[in-house]
Amino acid sequence: MHAPPTARRYRPPAPLGGRRRATGSPAGRNARAWAFLAPALIIIGLFVVWPMVSALRLSFMDASGFGREEFIGLENYLTVFTDPDVRDAVLNTLWYTVLFTPTAVIAALALALLLNSPRMPFRSFFRTALFVPFVVSFAVAAFAWSYLIDPQVGLLNHWLRGMGIQLGNVLEDPDLAMPAVVLVAVWKLFGFYFVIFLAGLQDIPASLYEAARMDGAGPWARLRSVTLPMLSNTMAFVLVFAMIAALQAFDQIYVMTGGGPYGHTQTLVMEIYESGFRKLDIGFASALSYVLLIATLLLSLVQFLFFGRKEKDLSS
Amino acid sequence: MSAAYRTRLRDVRPGTVLAVAALVAVSAVVLLPIAIIVFTAFKPVAEVNAYPPSLLPGTWTLDNVREVTSELPFARLVGNSFLFAGGVTAFALVFDSLAAYALARIDFAGRKVLLVAIIATLMIPFQATLIPLYQLVADLGWVNTYAGLIAPRAADAFGIFFLRQFFLSLPRDVDAAARIDGASEFRVFRSVVLPNAVPALLTLGLFTFVNNWNDLLWPLVFTTDSEMGTITSGLTLLTGPSGIVPHGVMMAGSLIAILPLVIAFLLIQRRFIENIATTGLK
Amino acid sequence: MTRKRILAGAVGAALAVAATGCSAGDDGGPVELTFWHGYTEADGDVLQGIVDDFNAAHDDVEIKTELKTWDSIDDTLLTALSAGEGPGIVAMPAERLPVYASRGAFAELDDFYAGAESNTADLNPGAVAMVEVEGAKYGVPTGFVPLAVYYNQALFDAAGVTAFPQTWDEWTATAKRLTVDEDGDGTPEQYGAVLPDHATVANGLWPSLFYANGGAVVDGDTAVIDSPENAATLEYWSRAIAGDRISPTGVDGIGADELFSGGKAAMTVGGPWMASIATENGIDYGIAALPAGPAAQAASAIGVSMAVTVDTSREEQEAAEEFFSFFLNEENSVAWSLGSGWPPLRTDIPADAVAENPVVASLTEIAGTGRPLLPGVVNSTDVLSAVDELTQQAVAGGDIDALLAAAQTEIQAALDE
Numbered sequence: 001m002h003a004p005p006t007a008r009r010y011r012p013p014a015p016l017g018g019r020r021r022a023t024g025s026p027a028g029r030n031a032r033a034w035a036f037l038a039p040a041l042i043i044i045g046l047f048v049v050w051p052m053v054s055a056l057r058l059s060f061m062d063a064s065g066f067g068r069e070e071f072i073g074l075e076n077y078l079t080v081f082t083d084p085d086v087r088d089a090v091l092n093t094l095w096y097t098v099l100f101t102p103t104a105v106i107a108a109l110a111l112a113l114l115l116n117s118p119r120m121p122f123r124s125f126f127r128t129a130l131f132v133p134f135v136v137s138f139a140v141a142a143f144a145w146s147y148l149i150d151p152q153v154g155l156l157n158h159w160l161r162g163m164g165i166q167l168g169n170v171l172e173d174p175d176l177a178m179p180a181v182v183l184v185a186v187w188k189l190f191g192f193y194f195v196i197f198l199a200g201l202q203d204i205p206a207s208l209y210e211a212a213r214m215d216g217a218g219p220w221a222r223l224r225s226v227t228l229p230m231l232s233n234t235m236a237f238v239l240v241f242a243m244i245a246a247l248q249a250f251d252q253i254y255v256m257t258g259g260g261p262y263g264h265t266q267t268l269v270m271e272i273y274e275s276g277f278r279k280l281d282i283g284f285a286s287a288l289s290y291v292l293l294i295a296t297l298l299l300s301l302v303q304f305l306f307f308g309r310k311e312k313d314l315s316s
Numbered sequence: 001m002s003a004a005y006r007t008r009l010r011d012v013r014p015g016t017v018l019a020v021a022a023l024v025a026v027s028a029v030v031l032l033p034i035a036i037i038v039f040t041a042f043k044p045v046a047e048v049n050a051y052p053p054s055l056l057p058g059t060w061t062l063d064n065v066r067e068v069t070s071e072l073p074f075a076r077l078v079g080n081s082f083l084f085a086g087g088v089t090a091f092a093l094v095f096d097s098l099a100a101y102a103l104a105r106i107d108f109a110g111r112k113v114l115l116v117a118i119i120a121t122l123m124i125p126f127q128a129t130l131i132p133l134y135q136l137v138a139d140l141g142w143v144n145t146y147a148g149l150i151a152p153r154a155a156d157a158f159g160i161f162f163l164r165q166f167f168l169s170l171p172r173d174v175d176a177a178a179r180i181d182g183a184s185e186f187r188v189f190r191s192v193v194l195p196n197a198v199p200a201l202l203t204l205g206l207f208t209f210v211n212n213w214n215d216l217l218w219p220l221v222f223t224t225d226s227e228m229g230t231i232t233s234g235l236t237l238l239t240g241p242s243g244i245v246p247h248g249v250m251m252a253g254s255l256i257a258i259l260p261l262v263i264a265f266l267l268i269q270r271r272f273i274e275n276i277a278t279t280g281l282k
Numbered sequence: 001m002t003r004k005r006i007l008a009g010a011v012g013a014a015l016a017v018a019a020t021g022c023s024a025g026d027d028g029g030p031v032e033l034t035f036w037h038g039y040t041e042a043d044g045d046v047l048q049g050i051v052d053d054f055n056a057a058h059d060d061v062e063i064k065t066e067l068k069t070w071d072s073i074d075d076t077l078l079t080a081l082s083a084g085e086g087p088g089i090v091a092m093p094a095e096r097l098p099v100y101a102s103r104g105a106f107a108e109l110d111d112f113y114a115g116a117e118s119n120t121a122d123l124n125p126g127a128v129a130m131v132e133v134e135g136a137k138y139g140v141p142t143g144f145v146p147l148a149v150y151y152n153q154a155l156f157d158a159a160g161v162t163a164f165p166q167t168w169d170e171w172t173a174t175a176k177r178l179t180v181d182e183d184g185d186g187t188p189e190q191y192g193a194v195l196p197d198h199a200t201v202a203n204g205l206w207p208s209l210f211y212a213n214g215g216a217v218v219d220g221d222t223a224v225i226d227s228p229e230n231a232a233t234l235e236y237w238s239r240a241i242a243g244d245r246i247s248p249t250g251v252d253g254i255g256a257d258e259l260f261s262g263g264k265a266a267m268t269v270g271g272p273w274m275a276s277i278a279t280e281n282g283i284d285y286g287i288a289a290l291p292a293g294p295a296a297q298a299a300s301a302i303g304v305s306m307a308v309t310v311d312t313s314r315e316e317q318e319a320a321e322e323f324f325s326f327f328l329n330e331e332n333s334v335a336w337s338l339g340s341g342w343p344p345l346r347t348d349i350p351a352d353a354v355a356e357n358p359v360v361a362s363l364t365e366i367a368g369t370g371r372p373l374l375p376g377v378v379n380s381t382d383v384l385s386a387v388d389e390l391t392q393q394a395v396a397g398g399d400i401d402a403l404l405a406a407a408q409t410e411i412q413a414a415l416d417e
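Protein chains in written order, with the UniProt record's numbering: chain A, 1 to 316; chain B, 1 to 282; chain C, 1 to 417.
By construction, these hints were calculated from the structure, which means they are not laboratory data.
Glycine is no exception: its CB is placed at the ideal position from the N, C-alpha and C atoms.
Misleading hints may appear alongside valid ones.
Partial list, derived from the structure: chain C residues whose beta carbon lies under 10 angstroms from chain B [what the hints assert, rightly or not]: (1) T69; (2) I254; (3) K264.
So here's chain A without its partners, still in its complex pose (with noise of 0.2 angstroms):
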């Protein structure tokens, strides 16, 4: 197996940027930066970073957020690691995460690689019609594929029947409920990343496809050495980003499922939801929550490791 013929010979300009330059002294540049920073900062710490904290403590009461609390330690983490219904959540969340994730990146790359050369006819229609769906919300997204999929008066399914397709009743059906949730959260979303990915690839300067082209790399060979190297970083933000997604899956899933079919649409934030707000025990929830951060941080760091690495092998 021979190298990228591309990476090594024709290097991409220097890390994105240049290189940081030292201004003014070290005390100087921190008392400006911690000066741009304080609005966000006090912000962010106030409606954002105090409320996790107050989670926190929480996570370790039995609670409910209105009247008595009592410090219970490590209990609800007890529970959340026994009780079946998480298990079940954590097991219902990742399936939600393998299906979602990889459709929507593929899906957005695909189209962003489709509709980033110049010669696509009807190029900037496509691109419209494609990010349309990015501001429908949630909630009213849910409903519209709801009655498109309904089982007596749904139009998709008449007209997959039409074609010798039986769906039935998906969103009763324990095997195709998840599938069609996931379905709904891709719509929703794959326009965003699809903007993204076409901002990555107009990053990707147009000499390295040339060099690779007179090196004789087909247009399979061009997207793997250059394209997909080069996109890293973009691929980074937009995996992290959807997995984010994916492991807080709620709105379209509390319109259209609640959870259902017994339990099989029940994510990790349903689950939260139903122990906070519907059995008021908000120390649980709370305890669940900080579960689901962590996993999600690992989790993150691990992609950014990846991909981020190979960023840096490229353009060093």
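Dock chains B and C against chain A, hints included.
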């Protein structure tokens, strides 16, 4: 079809034809739910639940729209949505770009740790912090006020991260030159970096506006006074006895909720798509 | 899970009085109370009328209603209470009351009930059972009605059905007669009945069927779902639904109402609102009690209760209690019943008094047969989802004995928490 266009079509390669066919198919599927919302909103009840179903209404009616407008103070709700999403977007663009500038272009101690910490705040589900957040806003005396609705979103981690990535890609020569001329850091930010960041700011502005316009849980939980809700949270008030909402009415409500966004997007789409092209600078 | 649930209602109320005691009334103005409820239809107008009358008759109290949906009350009440921004009075589906009460959200009303002027003496005992948690009362019922069968008269006439079925066997036989599959593709175009297998109206269909065959879901603190009676019930009805196709499978309560209002099902089991839905959809309907099972004629009831939250001062609490007794006085009971379409909550109001509304009159006659759903069960969420899981899988052809055993374990765990 003009002659020139036909000539151009002849030059098109078979691969392109396939690609266009695929794109047409994908776009049709992608736009189908939008079409069903629009058309169902104008269908009479009998057609909405008829079998076999059809995409287009046989007779067009405004009954569903009338029903929504009689059940919801929709002008007020749409106005609230504009205030909420617009207010959040305005503040967030300012605060996010300031913070992103520091993270991208000032070499200060703790930069990396801070960036990771900011991103980490995205990883806890909002449902978990909702109650403490609400308590805090209540302690500030902001329940059922626009300040309370907007302030918690006035800066956000995603925007900071997004703009930081963009600022990193801007060439540094210009601001170095400006600094040598004695410009202050803020001057560099405002006069050198920001003007070059307009495409990225517009893109982020669109994302922020859309996400807040569409947010359900925060406006729903935050506003105990239904006059303070947004159109998205207001849709949950569309309910019949036992929770049945006629599909036609729901779609009419959905149409009202998405229409301003779709129109706004279609108006700026050419600009937006061009912006996307320039967001990543060479 | 073995966590202690604290019945902190009284304590919470006392604390809240200390904390917010000076919030209202002290400035000389009237005591202001907000009242959240989900009566969004004609019933909401009638309720508003009663509130207006109350406000007019009481210079020192001003009740402001805030209309929400039942779901959004559940979504917003917890946050509001957590910040002391809760309503003074809140109405909610009756099976949701115990979990809030057990967490100390509501003021205890035993003293209120003890007073003769409270107008609570003749309340339907089933309705009162739904506001009781561990022996104390935390609310006042605003609605209590047994599930009933709503049937499509035109479809009955077309099939030549003249008498409404009185037993399960007659019921399923009638439903079979009313099921039409003209093209013979195995999917009927018209169903004799629509019997949802999960998320049923007020979660009451399957408990009703269990009762009628001598079974139950819980008995006090004990899960009793795994019984031979319930196994027989599930077998009987999954055979009728999945085997004889008298009803579509995999439908929920909302879907059932839609099928009935679309004229695609001849019978549905629902609440009083079906009357107005049917009228809106141009369906000539009839109402009948659920046909009797082998053991009994029984129906689970749909209940709605209202309570005073702990976000109230002593004065506000007294004002709320005054409103409750006003709401329950004879005149308003009749007005509320006629306007809402629900039978009167007081057993001393005869069906004659509401005769001008035939729906109410017919529901009033069966009002006594309604059984409260899971009275006093704090974790009704998990119990009901276990029942849903059981019935949905049983109708889908699951092994009934294994399903019952699993449901038994889950329900017992929920009760033990």
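The hints, checked one at a time:
{"no.": "1", "hint": "T69", "in the structure": "5 angstroms, holds"}
{"no.": "2", "hint": "I254", "in the structure": "5 angstroms, holds"}
{"no.": "3", "hint": "K264", "in the structure": "8 angstroms, holds"}
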